[in-house]
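Asks: Residue numbers (the working numbering), protein chains in the order written: chain A, 1 to 885; chain B, 1 to 93.
Be aware that one or more of the hints could be misleading.
[Stated by the list, open to error] If you anchor each label on the Cβ, the simulated ranges turn out as follows:
1. B:L27 with A:T640: 43 to 49 Å
2. A:L864 with B:Q13: 25 to 31 Å
3. A:L864 with B:S15: 24 to 30 Å
4. B:L75 with A:G312: 54 to 60 Å
5. B:L75 with A:S502: 37 to 43 Å
Quick caveat, the hints were computed from the structure, so don't treat them as lab data.
Note that beta-carbon positions come from the ideal geometry of N, C-alpha and C, so glycine has one too.
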Amino acid sequence: MTSLNALVLVCLIYVALLFGVAFAAERAAARGRGGWLRSPVIFTLSLSIYCTAWTFYGAVGNAARSGMEFVTIYLGPSLVLFGWWWILRKLVRIGRAQGVTSIADLISSRFGKSNSLAIFITVFAALQMQSVTLSLSVFAEADPNATTFDKGRVAFWIAFGLAIFTLMFGTRNLNANERQHGIVIAIAVEAVVKLIALLAVGIFVVWGLAGGITEMMSRINTSEIGQWQVDRSRWATLTFLAAAAFLCLPRMFQVMVVENDNDEQLRMASWMFPTYLMLMSLFVVPIAVMGLEQLPDGNPDLFVLTLPLTLGQDSLAVLAFLGGFSSATSMVIVATLALATMVSNHIVMPIWLAAREDGASVSGDVRDVVMTSRRISVGLIIGLGYLYYQFSGGSAALAAMGLISFAGVAQFLPALLGGIFWRGATRLGALSGLAVGFVIWVWTLLLPSFGAGGVLPSEVLVNGPWGISWLRPGAMFGFEGLDRMVHSVWWSLSLNFIVFWSVSIFTFPRPLERLQGAQMVNVFFHHGPAQSWSAGVAETEDLLIMAQRILGADEARLLFRNQAIEQDVPDQLPEPTPAFLQKLERELAASVGAATAHAMVGQITGGAGVSVAELMAVADESAQILEYSNQLEAKSTELTRTARQLRQANSKLTQLSVQKDAFLSQISHELRTPMTSIRAFSEILRDTEGLAAQDQTRYASIIHDETVRLTRLLDDLLDLSVLENGQVTLNHQMANLGDVLDRAVQTVQPGPGAALKITRDTVDEQVTLETDVDRLSQVFINLISNAAKYCNSERPELNISVVQQRDGVALDFIDNGHGIARADRSVIFEKFSRLGDSDGSGAGLGLAICSEIMQRLGGSIQYLPGMEGAAFRVFIPNARALAAQ
Amino acid sequence: MASQREGGVFLEQRSYRRRRMIDGARLLPVIAAWLFMLPLLWPSAGVNTQEPRALSDALAYVFTVWLALTLVSGLFVFLIGNVEPEKDRKDGS
Numbered sequence: 001m002t003s004l005n006a007l008v009l010v011c012l013i014y015v016a017l018l019f020g021v022a023f024a025a026e027r028a029a030a031r032g033r034g035g036w037l038r039s040p041v042i043f044t045l046s047l048s049i050y051c052t053a054w055t056f057y058g059a060v061g062n063a064a065r066s067g068m069e070f071v072t073i074y075l076g077p078s079l080v081l082f083g084w085w086w087i088l089r090k091l092v093r094i095g096r097a098q099g100v101t102s103i104a105d106l107i108s109s110r111f112g113k114s115n116s117l118a119i120f121i122t123v124f125a126a127l128q129m130q131s132v133t134l135s136l137s138v139f140a141e142a143d144p145n146a147t148t149f150d151k152g153r154v155a156f157w158i159a160f161g162l163a164i165f166t167l168m169f170g171t172r173n174l175n176a177n178e179r180q181h182g183i184v185i186a187i188a189v190e191a192v193v194k195l196i197a198l199l200a201v202g203i204f205v206v207w208g209l210a211g212g213i214t215e216m217m218s219r220i221n222t223s224e225i226g227q228w229q230v231d232r233s234r235w236a237t238l239t240f241l242a243a244a245a246f247l248c249l250p251r252m253f254q255v256m257v258v259e260n261d262n263d264e265q266l267r268m269a270s271w272m273f274p275t276y277l278m279l280m281s282l283f284v285v286p287i288a289v290m291g292l293e294q295l296p297d298g299n300p301d302l303f304v305l306t307l308p309l310t311l312g313q314d315s316l317a318v319l320a321f322l323g324g325f326s327s328a329t330s331m332v333i334v335a336t337l338a339l340a341t342m343v344s345n346h347i348v349m350p351i352w353l354a355a356r357e358d359g360a361s362v363s364g365d366v367r368d369v370v371m372t373s374r375r376i377s378v379g380l381i382i383g384l385g386y387l388y389y390q391f392s393g394g395s396a397a398l399a400a401m402g403l404i405s406f407a408g409v410a411q412f413l414p415a416l417l418g419g420i421f422w423r424g425a426t427r428l429g430a431l432s433g434l435a436v437g438f439v440i441w442v443w444t445l446l447l448p449s450f451g452a453g454g455v456l457p458s459e460v461l462v463n464g465p466w467g468i469s470w471l472r473p474g475a476m477f478g479f480e481g482l483d484r485m486v487h488s489v490w491w492s493l494s495l496n497f498i499v500f501w502s503v504s505i506f507t508f509p510r511p512l513e514r515l516q517g518a519q520m521v522n523v524f525f526h527h528g529p530a531q532s533w534s535a536g537v538a539e540t541e542d543l544l545i546m547a548q549r550i551l552g553a554d555e556a557r558l559l560f561r562n563q564a565i566e567q568d569v570p571d572q573l574p575e576p577t578p579a580f581l582q583k584l585e586r587e588l589a590a591s592v593g594a595a596t597a598h599a600m601v602g603q604i605t606g607g608a609g610v611s612v613a614e615l616m617a618v619a620d621e622s623a624q625i626l627e628y629s630n631q632l633e634a635k636s637t638e639l640t641r642t643a644r645q646l647r648q649a650n651s652k653l654t655q656l657s658v659q660k661d662a663f664l665s666q667i668s669h670e671l672r673t674p675m676t677s678i679r680a681f682s683e684i685l686r687d688t689e690g691l692a693a694q695d696q697t698r699y700a701s702i703i704h705d706e707t708v709r710l711t712r713l714l715d716d717l718l719d720l721s722v723l724e725n726g727q728v729t730l731n732h733q734m735a736n737l738g739d740v741l742d743r744a745v746q747t748v749q750p751g752p753g754a755a756l757k758i759t760r761d762t763v764d765e766q767v768t769l770e771t772d773v774d775r776l777s778q779v780f781i782n783l784i785s786n787a788a789k790y791c792n793s794e795r796p797e798l799n800i801s802v803v804q805q806r807d808g809v810a811l812d813f814i815d816n817g818h819g820i821a822r823a824d825r826s827v828i829f830e831k832f833s834r835l836g837d838s839d840g841s842g843a844g845l846g847l848a849i850c851s852e853i854m855q856r857l858g859g860s861i862q863y864l865p866g867m868e869g870a871a872f873r874v875f876i877p878n879a880r881a882l883a884a885q
Numbered sequence: 001m002a003s004q005r006e007g008g009v010f011l012e013q014r015s016y017r018r019r020r021m022i023d024g025a026r027l028l029p030v031i032a033a034w035l036f037m038l039p040l041l042w043p044s045a046g047v048n049t050q051e052p053r054a055l056s057d058a059l060a061y062v063f064t065v066w067l068a069l070t071l072v073s074g075l076f077v078f079l080i081g082n083v084e085p086e087k088d089r090k091d092g093s
């Protein structure tokens, strides 16, 4: 059997190791090599402080007494982590966005930075101190041979060591959002040690003692707890309770929300931590079963320790002891820190601030005050835990004591969840719900736990206070026969919830509450400022002095300088804009808590809260900004539109310029060809003597023909130019369409025997038009002569049909040639476009002129695709077309 | 243009898949609670006349379900992917 001294030696070495690891981590972080300290694995391991001494030792004890029930304590947190997307994700995001320092800070911050609420929760949570006591008692109980005096001494030295460790590594940074690296790494190491310890004992039991899994299973079934036997109400209630406590325990909130650094940590923990819990509970039943078999008279709570010890496995027993030691110490350290932060931020600081009439800006070093109060709180909490242990003796079954505190902190649940999911939750609702839940918890669970005649006389336990039977602690409202835990949790939480809800819907929140509520509930939608200080009231110098005392001189100056650069006034103090005050308050809140920071900034800026008028101003301001941005947006759309139009106009102009150049070169070419032959032949006529009269006549007629062609070209050009410029005067007169067509056909084919056969429908043509007849017949002549010229059929035919339309008359000119190639159709109405016109007889202006004329007459001419030959449709609108009566 | 459209379709599918995985992560705690409460329906010693279940069965059931849920939870986390910081940046800007 290992001697006590050897055990103490091992313990001291282990503690020295932890100190060393913590120092190394602090140093690595200081050198900027602490990135791995933020990894999801370390985060998950730090969550393991959930597995305290009473889960380490007590789970086996619980299993020995009630079979599988112990597992509910682990199932609850697993459920919370499986559902991380619902609650934890939001909680962690709010914690980071608001710089939350503790659960009291979160709830008070949600409900308008209420100090009363924070104090209430802190005092309530301070009852958690008994968990420190509980852990201390484990060390003392661990050695059954030690005398009472020894137990006390061991507990004292352990308490002393814990206080030193917590003070050294836990109160380095004032800013609670900065991670305490030394503590985090120590906790991670301890998490690994306790898991290995429990697994080692379990493996020893299953494979060393029982001889394998099958053997173990049959031994389990034949043991006294070998039948499935659970209290159903307890199974469900404890699972729920564990889940609630996992969210609400101050120490869990500390590692899960306050120390959380990024979402990745949480995402990975959502499956890693349930795995950890599963491994922690895997061997609990085997150890309990073997313990009952081997040590029927032993204390089941200590089977983990005593089982290897009695079987002579000393080193295994030492490992198990270190596992229990680890669970207890890590939990004490974190619980103490969480409590100390709450006490100093929510009790000491407000009192200190209130006690000073001159406020935060004039004298005294706030930084020191906060730090000192936090250190004193740490010492106080551990000291009180030790004293409580000394006086109470701490003999209650471990798990039962733990569950009572679980039920206590679970009272935060309605306010916590209501606060982050329901904007209608109010401060009064939260306060009254908490108060009701707290009173019922004390009455039905805490006081009776001291036993009949302990605090409550047995008379009250049996008959109720003053004989009122429906207020009996064990049977509220006459519900008898329930398990005490189930009864208490059921009534305290349901009444807590109902009161919280009903008071909330009947009270009206203050402006700050509404703003904070909106910001927390909608944390994923916007990160805008929650509340605002009115600008210009605060004095920047005062703010700087105050910030220096809380953040430290260097950090405060850095903050102010950065702000000044942001405001474009480097080398000066920044303006106290609402945004800056907001930022400053959040920085301060990370050190001293939201309520205190709010009060401090409030003292300097002149208003301790936000008035409705200020709120309206903020609302107005944002409405103006919104309107302004809308205007800007409209303007920018307009600009975009104008730019697009300009681009279009520009490309059109460029195109026109290209067209103009092409037109000029075309026209020079067209003019030059006849001119050249005129010049050549006239020179021949002038210089050649003795020219035959026949030749003279021939040359002169060539010159004549060319001149005619030139004139026609110039006429066409002039015509087109007149038409394009809109200078044409239209000579409107009444005419019959048939007559106009007759004239056009006559002009193209003066005599009989023409190659082109024209078919017409003279009945349909009896339409009276009011139009410029000369111009219209010019169009017809052009179309008919084009058909005569270009129709390449063996027996060319042109069909002219008239279609009466609703708003005008359409004439279709369709020949039986090959028509016009698809690619050319788009250019036929352009100037100088000549398709397959190799003889050079046309200038390519005809269709361009037709198109212009029809436009002037209010109609149109277009190519009809899909006909057998070339097909043109001329449309003459109704205003000028009257059906013949 | 065509590649842009293809990219759009791809992203759309991915974000659709991600949303369904988030739905899964949302439903998981409900399923987990249901599975963990299932043993309450078993015949228990001292309550029914039926033969109670053996404790080893209960152990096997609870730990199998636990392990399976852990794996599924890990799977969802993996499939949801770490897209959120980008989304935040978009929201914040």
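Asks: The structure should be examined with respect to each hint, and the outcome stated for every one.
Replies: Structure-based check of all given hints:
no.	hint	verdict
1	B:L27 with A:T640: 43 to 49 Å	holds (46 Å)
2	A:L864 with B:Q13: 25 to 31 Å	violated (48 Å)
3	A:L864 with B:S15: 24 to 30 Å	violated (51 Å)
4	B:L75 with A:G312: 54 to 60 Å	violated (45 Å)
5	B:L75 with A:S502: 37 to 43 Å	holds (42 Å)
Hint check: violations occur at hints 2, 3 and 4; the rest are consistent with the structure.
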